[in-house]
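Construct all of the structure, not just a fragment, from the sequences and the given hints.
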Amino acid sequence: MTPYALAGGESESRIRGPRLDAGLHPSGRWVFTALLVGGLAYAGYSIATDTANVGEPMAMGVFAFLGLALLIALGFEFVNGFHDTANAVATVIYTHSMPAPLAVVWSGFFNFLGVMLSSGAVAYSIITLLPIDLMLHVGSAGGFAMIFALLLAAILWNLATWAVGLPNSSSHALIGSILGVGLANQLLSSASGVSGVDMAQVRKVLSALLFSPLIGFVGALMLLLVMKRFLKDERLYREPEGDAPPPRGIRALLIFTCTAVSFAHGGNDGQKGMGLIMLILIGCAPTAYALNRTLPESAMPAFVRSADVASAAYAAHGTGFALPLDHARAAVVEGVRTKKINTPQVYEGLSTLSHDIGDRIANYGALSRVPAAIVPNLRNDMYLVLDSTRMVTKDEDAKSRFTAAEIDSLNAYAGQLERGTRYIPLWVKVTVALALGLGTMVGWRRIVVTVGERIGKTHLTYGMGASAELMAAATILLAERFGAPVSTTHILSSGVAGASVANGAGLQGRTVRNMALAWVLTLPVAMLLSGSLYWLLLKLVAGLAG
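Numbering of the sequence shown is given in this note's numbering, commencing with residue 1 and proceeding in unit increments.
None of these hints come from the bench; they were simulated from the model.
Hints may be right or wrong, so weigh each one.
Listed below are the simulated PhoX-like cross-link pairs for lysine-lysine, each with C-alpha atoms no more than 20 Å apart in a straight line [what the hints assert, rightly or not]: (1) LYS340 x LYS394; (2) LYS399 x LYS339; (3) LYS394 x LYS339; (4) LYS399 x LYS340.
This is how it looks when you write it as structure tokens:
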């Protein structure tokens with residue numbers, strides 16, 4: 001007998017909990033294994049092919065190191081799958097709309113589809129939280145220590161909360177890990193200012209994480225009240241009868257909402273792993289992955305014109321004295337590090353770098369023809385100018401200095417730089433999609449029970465499940481449109497709580513307190529874990545080098 005049946009005084013024959021112990025068919029396990037092995041083999045083949053095509057085949061030791069890093073990154077997405085996506089299937093399972101084994105396979109497939117059709121905007125909104133000095137030297141010992149530390153910290157916290165059945169946010173854990181590495185890097189380097197953390201991006205990301213659960217709670221509550229006002233079918237608001245499936249129309253609605261949440265989760269959460277994998281690839285194989293070599297040669301003239309126009313716009317507000325290339329680079333790095341980007345010295349540096357980038361691309365004719373020895377330096381300059389230009393165009397002080405036409409030209413230039421440096425190869429999308437989709441089919445029971453039984457005091461009704469998932473899917477898809485990383489877990493569980501209140505059911509105080517505690521603790525714990533791991537890994541590398 002389920003807890004909510006006892007609380008509501010219902011008989012076990014009237015309200016029967018779903019079967020959660022049914023496993024996949026034996027043939028399903030073979031398919032699962034084949035997809036897992038096939039995905040890893042596809043990743044290995046793609047890396048070997050890509051590096052060979054640019055004339056820089058990878059040494060076996062570097063290939064093995066890259067493989068380990070990719071396994072950890074894909075492991076994060078796998079854990080994310082079974083930790084977060086249980087939220088999407090809880091409603092269809094507890095309303096008997098789909099049997100549990102079918103629901104998790106269904107959800108896994110639409111997670112896969114969501115990743116494959118994602119825009120990539122969220123991937124790089126996460127990366128911009130990382131320290132600029134580590135981003136520019138991602139292939140260094142510090143860069144690799146950063147990546148391993150933040151991934152391991154996020155995985156450890158996700159596994160810890162999963163073990164006790166708490167719907168914790170993988171997004172929250174990853175962002176906390178990134179912030180921890182950034183702060184640790186700042187403390188260890190004794191740098192002045194706030195170079196370890198991009199506070200503007202932190203505020204944007206944390207605002208999305210803070211407000212999205214409130215939107216989920218209030219939105220689901222209001223949606224269910226509207227449904228009660230206009231949809232008078234009482235079956236929507238009563239506990240399911242026994243283990244019979246809901247009426248056809250209601251069942252279709254619940255399956256649709258599960259599908260929408262799964263698709264939205266894949267589109268938003270899958271991108272976080274993509275961004276981190278791109279960092280790993282840029283560090284280990286910069287020749288193949290640091291620049292978008294798939295850009296056609298026909299796009300290069302527009303790229304060069306954009307660089308020249310931006311260079312002229314910056315020079316018009318600079319010192320009037322051209323800087324040597326090294327001095328220009330140092331001036332821009334210092335401006336980004338101290339967040340004092342709007343000075344004539346920095347503008348002059350950006351003008352010099354932009355002119356040099358345009359010249360080099362014009363000389364080679366296409367990014368695919370940039371020599372291996374030049375790639376890391378060119379990529380770093382492009383990345384540095386891109387981030388600096390984004391900062392300039394968003395700053396109110398800069399907007400008062402530059403004309404509207406100049407701001408438009410800088411935004412166009414930033415778009416060209418973004419196309420050249422921020423891209424996701426198809427094989428990265430496929431392997432992340434497989435990791436997230438397959439993870440959905442493993443270990444989902446703990447979180448499903450929490451969402452289905454331990455938030456509200458009564459059994460989940462059809463209307464409660466539909467309103468919570470509709471609001472969650474809409475919120476996540478909107479966030480993905482604007483490149484904002486949000487938590488499926490927080491939005492969906494908050495939506496279930498809001499729907500429970502709207503349906504006249506109380507909330508189970510202990511579960512709500514535990515969920516709130518996990519939400520509050522995730523950032524500081526993940527920051528402490530990742531910062532400590534970063535320090536330990538740097539010490540380990542220094543010891544091995546000594």
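Do the hints match the structure? See the list:
no., hint, verdict
1, LYS340 x LYS394, "13 Å, holds"
2, LYS399 x LYS339, "16 Å, holds"
3, LYS394 x LYS339, "13 Å, holds"
4, LYS399 x LYS340, "15 Å, holds"
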